[in-house]
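Turn these sequences into a full structure, and let the hints steer you where they fit.
From first to last, the protein sequence lines stand for chains B and Y. Counting along the first sequence from 1, when you hit position 171 you're at 171 in our numbering, and nothing is skipped either side. Position in the second sequence counted from 1, then plus 269, gives you our numbering.
No wet-lab data here; the hints were simulated from the structure. In this text, a Cβ means the ideal position worked out from N, Cα and C, and glycines have one as well. Check each hint, because a few of them may be wrong.
Claimed, not checked - Cut-off 30 Å, straight-line C-alpha distance, at most; resulting in silico cross-link-like pairs (DSS-like, lysine-lysine):
#, chain 1, residue 1, chain 2, residue 2
1, Y, Lys457, Y, Lys522
2, Y, Lys377, B, Lys267
3, Y, Lys457, Y, Lys490
4, Y, Lys490, Y, Lys449
5, Y, Lys449, Y, Lys339
6, B, Lys114, B, Lys179
7, Y, Lys522, B, Lys267
8, Y, Lys339, B, Lys171
9, B, Lys179, B, Lys267
Stated by the list, open to error - To give an idea of the chain Y side of the interface with chain B (calculated C-beta under 8 Å), a few residues:
#, residue
10, Asp303
11, Leu354
12, Ile372
13, Val465
14, Pro476
15, Gln549
16, His552
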Amino acid sequence: MSNAARTPARRRRHPLATFVVLLVALVGVGTAYAALSGLASGTAQAAGSSATPQQIEQGKQLFLEGCSSCHGLAAQGTSNGPTLIGVGAAAVDFQVGTGRMPAAQFGPQIQATKVSYTQEQIDALAAYVASLAPGPAIPSADQLNYQDANLQEGGALFRTNCAQCHNFAGKGGALTQGKFAPPLTGASAKYIYEAMLTGPQSMPVFADTTLPQEQKQAIIKYIKAVQAEPNPGGLSLGRIGPVSEGLLLWVLGLGLVTAVAVWIGAKVS
Amino acid sequence: MSTTGHEVEHAGSHGDNPLAPGLPPHTPRRADVDPRAARRAERQVATLFGVAALAFIGFVVAYVAFPVNKVVSVPLIGETSASNLFLGLTLGIGIFCIGAGAIHWAKKLMPDVEEVSERHELRGSDEDRAEAMGEFARGSAESGFTTRPLIRRTLLTAMLLLPVPLVVLLRDLGPLPGTKLRTTLWAKGTRIVSDVTLQPIRASDIPPGGMVSCVPEGLDKIEEEQGNLNARAKAPIVLVRMRPDQIRSEQGKNWDYEGILAYSKICTHVGCPTALYEQQTHHLLCPCHQSTFDLADSGNVVFGPAARRMPQLPITVDADGYLVAAGPFAEPIGPSFWERG
Numbered sequence: 001m002s003n004a005a006r007t008p009a010r011r012r013r014h015p016l017a018t019f020v021v022l023l024v025a026l027v028g029v030g031t032a033y034a035a036l037s038g039l040a041s042g043t044a045q046a047a048g049s050s051a052t053p054q055q056i057e058q059g060k061q062l063f064l065e066g067c068s069s070c071h072g073l074a075a076q077g078t079s080n081g082p083t084l085i086g087v088g089a090a091a092v093d094f095q096v097g098t099g100r101m102p103a104a105q106f107g108p109q110i111q112a113t114k115v116s117y118t119q120e121q122i123d124a125l126a127a128y129v130a131s132l133a134p135g136p137a138i139p140s141a142d143q144l145n146y147q148d149a150n151l152q153e154g155g156a157l158f159r160t161n162c163a164q165c166h167n168f169a170g171k172g173g174a175l176t177q178g179k180f181a182p183p184l185t186g187a188s189a190k191y192i193y194e195a196m197l198t199g200p201q202s203m204p205v206f207a208d209t210t211l212p213q214e215q216k217q218a219i220i221k222y223i224k225a226v227q228a229e230p231n232p233g234g235l236s237l238g239r240i241g242p243v244s245e246g247l248l249l250w251v252l253g254l255g256l257v258t259a260v261a262v263w264i265g266a267k268v269s
Numbered sequence: 270m271s272t273t274g275h276e277v278e279h280a281g282s283h284g285d286n287p288l289a290p291g292l293p294p295h296t297p298r299r300a301d302v303d304p305r306a307a308r309r310a311e312r313q314v315a316t317l318f319g320v321a322a323l324a325f326i327g328f329v330v331a332y333v334a335f336p337v338n339k340v341v342s343v344p345l346i347g348e349t350s351a352s353n354l355f356l357g358l359t360l361g362i363g364i365f366c367i368g369a370g371a372i373h374w375a376k377k378l379m380p381d382v383e384e385v386s387e388r389h390e391l392r393g394s395d396e397d398r399a400e401a402m403g404e405f406a407r408g409s410a411e412s413g414f415t416t417r418p419l420i421r422r423t424l425l426t427a428m429l430l431l432p433v434p435l436v437v438l439l440r441d442l443g444p445l446p447g448t449k450l451r452t453t454l455w456a457k458g459t460r461i462v463s464d465v466t467l468q469p470i471r472a473s474d475i476p477p478g479g480m481v482s483c484v485p486e487g488l489d490k491i492e493e494e495q496g497n498l499n500a501r502a503k504a505p506i507v508l509v510r511m512r513p514d515q516i517r518s519e520q521g522k523n524w525d526y527e528g529i530l531a532y533s534k535i536c537t538h539v540g541c542p543t544a545l546y547e548q549q550t551h552h553l554l555c556p557c558h559q560s561t562f563d564l565a566d567s568g569n570v571v572f573g574p575a576a577r578r579m580p581q582l583p584i585t586v587d588a589d590g591y592l593v594a595a596g597p598f599a600e601p602i603g604p605s606f607w608e609r610g
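Written out as structure tokens, the structure is:
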């Protein structure tokens, strides 16, 4: 009868340590995602009025300094950037006003960053580009007045034309090869209108001929209504419905239940 | 043989057999040997129960204090209903603390003794088995099952016919779909109208890079008549416009109209609506499983699980200048099916 070799059990880790680490990691990932996905484009200001020759001249100077290296000295386009002839003032106002242009870095998609120009300078740039060839103009305050639009129609139009990429609650979504449709959280009426009008980057053009002004206003009214919607159930979880809710319950909920079950079964000392 | 729990022999007695080492030695818990640890555990359990009691009071307070539509801003969560938040939190904390306290109590303070219950043999005793067989034989004789053939035969007939109603009901799985999977509302001359607003479209309405979600004219009438969505499920298309020189299509030459192409909106993988169109790459992406179709190249699959190209609808314009279908789809739309081959 040998009682040999009964070394004291060295417990290097608490039995729940694995679960705690897992939990912390999950919460960390969730928090980081929530923080990053909160990025949204800037705010809007009143659209500029009709262009003056001085404005066009100022815009040309700004263009030569800040844009011509990629878009060419006469905005004819180079291998680094497309031609801007005919894109119109609305495209300039959207791209520069949301901080997408000047491009911070090339990648699958030019992303919105800090706005580099004042609204006055943006208006001048837009006036210069609009002077090259006719194109969509910056929508007027009257065009952007969506208060009287039909919210129900806006919802139907949004779900048919926009939701496939931007998600039915405007939370954005993935496209191919690293491209993505940005969230519409915080997007202003002017930039939504301009994006539909000009089709920036991967987005198709939704011209006034196929999506008239009243319908654009209805879509904007719907987006604004969704933006203002609170989350009565707590976490919005990207507002993508059962996918993220199920994931959270399966991973976090079941993980928690498993951790408690392990604790119940664990030996005490 | 029938033993209930008894004090266990601890390791050492079996220590020589590596296959049956027995239970590890009993180590008393800190609370068993140290009265101060026991008192500490007692206080911890009492604290958990106390927190639970406070939480339940908090629930009532929150119920009274927060009107249902009161919205508060919470870090990470954002705008949320104060009532929901605090009712859930207090109830959750209260119930959790009762459970946690009970388990803590059992683990730290209740008796800590290993017990063993031996398994019983599964086979019954010979006397029990003989008695059961006797009961069965007696019941069989008393029922008259063997001596009354009329009852036996009618019962067997009834039992044999019992599955028939279930089999007959299987008929409702049919009839076979016939040509429904191969046909859509699109035919030569069917006018293309935009979805939701049902407006006809001229070729000049769509700028290069533009996209319009469309349905066939008259779809709304059919929906009213039939009251179902089968026609709609097959009919949606997307119209996209690119420069004619960007179209690399081999099949379906002249199926476009001045660079305007019409494709089914139903993914050929499992039939999700597919309208994530990237105007620069001319790729159409399905959000369900990332099947990607190149609309400049016959709708061929460039990525993802879809096995077939996106069916293209040949289009032209009618006498009034509106876009119409030049014919039906040349192949069935949507996912593959058994009879398609």
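Going through the hints against the structure:
The suggested pairing of Lys457/Y with Lys522/Y holds, with an alpha-carbon distance near 17 Å, which does not exceed 30 Å. With a CA separation close to 10 Å, the supplied pair Lys377/Y and Lys267/B stays within the 30 Å bound. As the CA atoms of Lys457/Y and Lys490/Y are separated by approximately 19 Å, the hinted pair is consistent with the 30 Å bound. The straight-line distance between the Cα atoms of Lys490/Y and Lys449/Y is roughly 19 Å, inside the 30 Å bound, and the hint therefore holds.
For the suggested pair Lys449/Y and Lys339/Y, the alpha carbons sit about 52 Å apart, so the restraint of at most 30 Å is broken. Proximity of Lys114/B to Lys179/B is assessed by CA-CA distance (about 20 Å); at most 30 Å being required, the pair is judged to hold. Straight-line distance between C-alpha atoms of Lys522/Y and Lys267/B comes to about 75 Å, which puts the hinted pair past the 30 Å bound. Taken as a hint, the Lys339/Y and Lys171/B pair is honoured in the structure, with Cα atoms around 24 Å apart against an allowance of 30 Å.
Straight-line distance between C-alpha atoms of Lys179/B and Lys267/B comes to about 51 Å, which puts the hinted pair past the 30 Å bound. Of the supplied interface hints, the one on Asp303/Y is violated, with its beta-carbon coming no nearer than about 12 Å to a beta-carbon of chain B, more than 8 Å. The criterion of a C-beta within 8 Å of any C-beta in chain B is met by Leu354/Y, whose closest approach is roughly 7 Å, and the hint holds. Below 8 Å, beta-carbon pairs count as interface contacts, and Ile372/Y has one with chain B at about 5 Å; its hint therefore holds.
Contact between Val465/Y and chain B, as hinted, is supported at the beta carbon level, the nearest pair being about 5 Å apart and thus within 8 Å. Proximity of Pro476/Y to chain B holds as hinted, the smallest CB-CB distance being about 5 Å (cut-off 8 Å). Hint status for Gln549/Y relative to chain B: holds, with the closest Cβ pair at about 6 Å, below 8 Å. For His552/Y, the interface hint holds, since its Cβ comes within 8 Å of a Cβ in chain B; the closest pair sits about 6 Å apart.
Hint violations for this structure: numbers 5, 7, 9, 10, all remaining hints satisfied.
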